[in-house]
Amino acid sequence: MQIQPYLFLDGKCEEAIEFYRSALGAEVTMMMRFKEAPPSDPGMCPPGAGEKIMHSAFQIGDTTVLASDGRCQGAPKFDGFALSLTVANEAEADRLFAALAEGGQVQMPLAETFFSKRFGMVADRFGVSWMIYVER
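According to the working numbering, the sequence shown is numbered sequentially starting from 96.
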């Protein structure tokens with residue numbers, strides 16, 4: 096069994112994927128646009144969303160993240176959870192935290208804690224919350 100995060104980015108999926116490629120080295124393994132869906136189900140495609148992403152998958156390290164533009168209403172909301180990114184060392188934590196914070200909002204600056212050499216929380220420019228963590 097596997098649990099995979101699925102992000103509904105409400106019209107900003109392709110932009111977010113490009114950001115995660117640049118910031119985290121994400122690699123796209125699958126991408127399907129709404130216009131590629133079978134015409135037998137016209138309710139699958141929001142009006143005017145043919146070029147938007149119906150479904151995608153990308154790898155960040157060993158994890159597959161799924162994402163879509165969803166209903167393309169322009170108001171993604173990511174409350175009640177965060178993606179936790181465990182990295183090998185402080186330098187990597189610093190680099191990835193800075194990349195995710197660009198255009199986003201630092202929720203807790205990176206710092207040494209009793210449980211981690213570096214730990215911090217940031218919401219990226221799309222509103223997705225991340226926790227960066229270095230194991231002790």
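Honestly, I wouldn't trust all of these hints.
Straight-line C-alpha distance at most 25 Å; calculated SDA-like pairs for lysine to any residue [unchecked claim]:
#: 1; residue 1: 130; residue 2: 96
#: 2; residue 1: 172; residue 2: 198
#: 3; residue 1: 172; residue 2: 127
#: 4; residue 1: 130; residue 2: 153
#: 5; residue 1: 130; residue 2: 119
#: 6; residue 1: 130; residue 2: 166
#: 7; residue 1: 212; residue 2: 172
#: 8; residue 1: 130; residue 2: 97
#: 9; residue 1: 172; residue 2: 204
#: 10; residue 1: 212; residue 2: 158
#: 11; residue 1: 212; residue 2: 180
#: 12; residue 1: 172; residue 2: 210
#: 13; residue 1: 212; residue 2: 165
#: 14; residue 1: 130; residue 2: 165
Quick caveat, the hints were computed from the structure, so don't treat them as lab data.
Cross-check of the supplied hints:
Between the alpha carbons of residue 130 and residue 96 the distance comes to roughly 31 Å, so the proposed pair goes past 25 Å and is violated. This hinted pair checks out: residue 172 and residue 198 have alpha carbons roughly 16 Å apart, not beyond 25 Å. In summary, the hint linking residue 172 to residue 127 is supported, as the alpha carbons are separated by about 22 Å, within the 25 Å threshold. Between the alpha carbons of residue 130 and residue 153 the distance comes to roughly 20 Å, so the proposed pair stays at or under 25 Å and holds.
Pair hint residue 130 plus residue 119 does not hold up; C-alpha atoms about 28 Å apart against a cutoff of 25 Å. With a CA separation close to 14 Å, the supplied pair residue 130 and residue 166 stays within the 25 Å bound. Distance hint between residue 212 and residue 172 is unfulfilled; the C-alpha atoms sit about 30 Å from each other, more than 25 Å. With a CA separation close to 29 Å, the supplied pair residue 130 and residue 97 exceeds the 25 Å bound.
Simply put, residue 172 and residue 204 have alpha-carbon atoms about 22 Å apart, close enough for the 25 Å limit, and the pair holds. Simply put, residue 212 and residue 158 have alpha-carbon atoms about 23 Å apart, close enough for the 25 Å limit, and the pair holds. Between the alpha carbons of residue 212 and residue 180 the distance comes to roughly 14 Å, so the proposed pair stays at or under 25 Å and holds. With a CA separation close to 29 Å, the supplied pair residue 172 and residue 210 exceeds the 25 Å bound.
Taken as a hint, the residue 212 and residue 165 pair is broken in the structure, with Cα atoms around 37 Å apart against an allowance of 25 Å. Between residue 130 and residue 165, the direct Cα distance comes to roughly 14 Å. Compliance with the 25 Å bound is thereby established for this hinted pair.
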